[in-house]
Amino acid sequence: MEKDNRGLEKIASLYQTQSVEVANKYIGEGWILLNIHTTDYGHPVERHQETVFTLGWNSEKGEVKLPKNRF
Numbered sequence: 188m189e190k191d192n193r194g195l196e197k198i199a200s201l202y203q204t205q206s207v208e209v210a211n212k213y214i215g216e217g218w219i220l221l222n223i224h225t226t227d228y229g230h231p232v233e234r235h236q237e238t239v240f241t242l243g244w245n246s247e248k249g250e251v252k253l254p255k256n257r258f
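Per my numbering, residue 188 is the first one in the sequence shown, and the count goes up by one each step.
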């Protein structure tokens, strides 16, 4: 089996948010931005999109750190 060069095997915790501000707070605590994707929902003619940020905590950094004021 090949080793994952991105280090994903070291991700101990995941967090998803639709807020840029919240994502930046997690990044400020040392979280890694793993993915950005959009979701579609609603009526086929008037679709709504949301951006979702997926962040991960690297276990090599020790205990998971959460932002004090996440919202």
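Honestly, the hints are just simulated from the structure, not real lab data. For clarity, every value in this text was computed on a predicted model and none was experimentally measured. A hint or two may mislead.
Quick list of in silico lysine-lysine cross-link-like pairs, DSS-like style, CA-CA up to 25 Å [unchecked claim]:
1. K252 to K197
2. K255 to K197
3. K212 to K252
4. K248 to K212
The hints, checked one at a time:
Among the hinted pairs, K252 with K197 is consistent with the structure: their alpha-carbon atoms are about 15 Å apart, no more than 25 Å. A hinted pair counts as satisfied when its Cα atoms are at most 25 Å apart, and K255 with K197 qualifies at roughly 24 Å. For the suggested pair K212 and K252, the alpha carbons sit about 11 Å apart, so the restraint of at most 25 Å is met. Straight-line distance between C-alpha atoms of K248 and K212 comes to about 17 Å, which keeps the hinted pair within the 25 Å bound.
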